[in-house]
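Peer 1: Listed below, chain by chain, are the residues.
There are 2 protein chains.
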Amino acid sequence: MAEQLSLAAVRGALIREEDSIVFALIERARRPRNAPAYYAPAAGADDGQSLAEFFVREAEALHAKAGHYEKPEDVPFFPQDLPSPLFPTKGYPKVLHPFASSVSVNDAIWKMYFNELLPLFTVDGDDGYYAETVALDFACLKALSRRIHYGKYVAEVKFQDAPQDYSPLIHAKATDALMNLLTFKAVEEKVKKRVEKKARIFGQNVTLEDSADKNEGSADDSECKVNPKVLSELYDRWVMPLTKDVEVDYLLRRLD
Amino acid sequence: MAEQLSLAAVRGALIREEDSIVFALIERARRPRNAPAYYAPAAGADDGQSLAEFFVREAEALHAKAGHYEKPEDVPFFPQDLPSPLFPTKGYPKVLHPFASSVSVNDAIWKMYFNELLPLFTVDGDDGYYAETVALDFACLKALSRRIHYGKYVAEVKFQDAPQDYSPLIHAKATDALMNLLTFKAVEEKVKKRVEKKARIFGQNVTLEDSADKNEGSADDSECKVNPKVLSELYDRWVMPLTKDVEVDYLLRRLD
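Line order of the protein sequences matches chains A and B.
For the first sequence, the residue numbers in UniProt numbering are 1 to 256.
For the second sequence, the residue numbers in UniProt numbering are 1 to 256.
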């Protein structure tokens, strides 16, 4: 188990996911809030689900038919009754404990995204582009969920590095102590600074006349397509805590 | 008709689409070519369509149910038998001639993307992430198609600015002369330079230690996630010519 795993490789993957999250948020920010996408009931549908929920459910079913959700970092928001792949899939290296696939914090991600995050980075308004809006939401949710559930690999590699530190805490179900062992404040500060910088660089309006110092972003963050501070807040309040929840959930059953 | 249209607004929209195209290509470049996604037949499917074709067809059906493909710049690759929207949609301002929705160069975009572009910006290889790969392809196709079909607005605004120049050529069906009238070499050179610069900025590996001059990209383009030269080539060989094909197709029927 886990012979391909290294902390450097896992960290590299997490850093690359940051770009995907920033891109997805920048794209969603093209559209205003578009609240009707989140409460309008389907015409003729008696279950009254919103367009957003309808779209994510159906998109996940399609992705499952195409062979997605086979890897433990790809976790559906609506795992009930997902169809089987219609096309041949290629196995992936099994580096995690077999129950890894069942570890999910997607309910918390869903609530966080729609109730907390969306108002922080979209402007109030309604331009009627609902279908496009929910497709962009799905991209954000997928990128966030994958980054956070990648915590399973982080936990595995940390466990393998120091089983003697983790095993007694796992046997004792010492959730808080495990959380402390997984927390590195200095690293977290660096991550927050980096995602903020990425939002500043990727969200700028590039013109041929740019001066060279715009790699640090515009003089004024308000010119960025997504406020860079939202990215550090997103990571501080939700992405890193939820990732550690995933890590603890994984570790608590690591010795089963 | 077209009271909301201005050349400045249309140009602004085209420039913003560049960012979406660059983001989509950078995301697709995370995965290698993954050729089996393009030739493996569906298990049990007798029509033998590839995973990519299956995915785009089904994704377009889902997006149509959500209310997409109502605006003339959003053109499906598989328009046959698209389902109707299941949710209430909001009208959009009708600024184009009514036949605008039927102008499509998606067949050419499809061939260009899979046969020409994909080998230019993905590395040869097969990592088995086929479902993710085709979802990323769909995002690229959608962004390219929207940018190119935005040419309908470009044509309309140019026609309105100078109907006396366009009308005789339209009556004479003078395709080449129309193409000349729509071609501004200096503008095209600027666009090519700008998309290349965007690829350099958005595709860099951002670290906290970056020096400030990296807004111009890495010293070495090979460190970029997509070679910036591919973007200028994409625009030079395909995006701008296909946009002008859309413009000419639109104008030829503008006086019907």
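The hints are simulated quantities; they were obtained by calculation from the structure and are not laboratory data.
Think of the CB as a built atom: it goes at the ideal place given N, C-alpha and C, for glycine as much as any other residue.
Don't take each hint at face value.
Said to hold, decoys possible - Pairs of lysine-lysine residues, derived as DSSO-like cross-links and limited to a Cα-Cα distance of at most 30 Å, are as follows:
#, chain 1, residue 1, chain 2, residue 2
1, A, K225, B, K90
2, A, K90, B, K225
3, B, K225, A, K94
4, A, K65, B, K229
Said to hold, decoys possible - A short list of chain B residues far from chain A (calculated; beta carbon distances all over 12 Å):
#, residue
5, N34
6, A59
7, E70
8, V105
9, L118
10, H171
11, K185
12, I201
Claimed, not checked - Take a look, some chain A residues computed to stay more than 10 Å from chain B by CB distance:
#, residue
13, F55
14, P76
15, Q80
16, V95
17, S104
18, D126
19, E132
20, V134
21, P163
22, A172
Peer 1: State for each hint whether it applies.
Peer 2: Hints, one by one, checked against the model:
Between the alpha carbons of K225 (chain A) and K90 (chain B) the distance comes to roughly 25 Å, so the proposed pair stays at or under 30 Å and holds. Between K90 (chain A) and K225 (chain B) the alpha-carbon distance is near 25 Å, which keeps this suggested pair within the 30 Å criterion. For the hint pairing K225 (chain B) with K94 (chain A), the CA-to-CA distance comes to about 28 Å; that is within 30 Å, so the pair holds. In summary, the hint linking K65 (chain A) to K229 (chain B) is not supported, as the alpha carbons are separated by about 36 Å, beyond the 30 Å threshold.
A Cβ of chain A approaches the Cβ of N34 (chain B) within 12 Å, the least distance being about 10 Å, so the stated non-interface status is violated. Its beta-carbon lying about 6 Å from the closest one in chain A, A59 (chain B) breaks the requirement of being farther than 12 Å from that chain. Not every beta carbon of chain A lies more than 12 Å from that of E70 (chain B), the smallest distance being close to 8 Å; the non-interface claim is violated. Non-interface status of V105 (chain B) relative to chain A is upheld: no Cβ of that chain comes within 12 Å, the nearest being about 21 Å off.
No Cβ of chain A comes within 12 Å of the Cβ of L118 (chain B); the nearest lies about 18 Å off, and the non-interface call holds. Every CB of chain A lies more than 12 Å from the CB of H171 (chain B), the least distance being 36 Å, so the non-interface label holds. With a minimum CB-CB distance of about 16 Å to chain A, K185 (chain B) clears the 12 Å threshold, and the non-interface call stands. Interface exclusion of I201 (chain B) from chain A breaks down, the closest Cβ pair being 6 Å apart, not more than 12 Å.
Listed as outside the interface, F55 (chain A) is inconsistent with that label: its C-beta sits roughly 5 Å from the nearest C-beta of chain B, within the 10 Å cut-off. Consistency note on P76 (chain A): stated as away from chain B, and its beta-carbon is indeed over 10 Å from all of that chain's, at 12 Å minimum. With a closest Cβ-Cβ approach of about 18 Å to chain B, Q80 (chain A) is found to remain outside the 10 Å limit, as its non-interface label requires. Remark: the non-interface label on V95 (chain A) is consistent with the geometry, its nearest Cβ contact in chain B lying 14 Å away (cut-off 10 Å).
Every CB of chain B lies more than 10 Å from the CB of S104 (chain A), the least distance being 19 Å, so the non-interface label holds. The claim that D126 (chain A) lies off the interface is violated: its Cβ sits roughly 8 Å from the closest Cβ of chain B, which falls inside the 10 Å cut-off. E132 (chain A), annotated as away from the interface, has a beta carbon of chain B within 10 Å; the closest lies near 6 Å. With 10 Å as the threshold on Cβ separation, the claim that V134 (chain A) sits away from chain B is violated: the shortest Cβ distance comes to roughly 6 Å.
Distance check for P163 (chain A) against chain B: the nearest CB is about 30 Å away, which clears 10 Å, and the non-interface claim stands. Every C-beta of chain B lies more than 10 Å from that of A172 (chain A), the closest at about 37 Å, which supports listing it as non-interface.
Of the hints listed earlier, those the structure fails to meet are numbers 4, 5, 6, 7, 12, 13, 18, 19, 20, in rising order.
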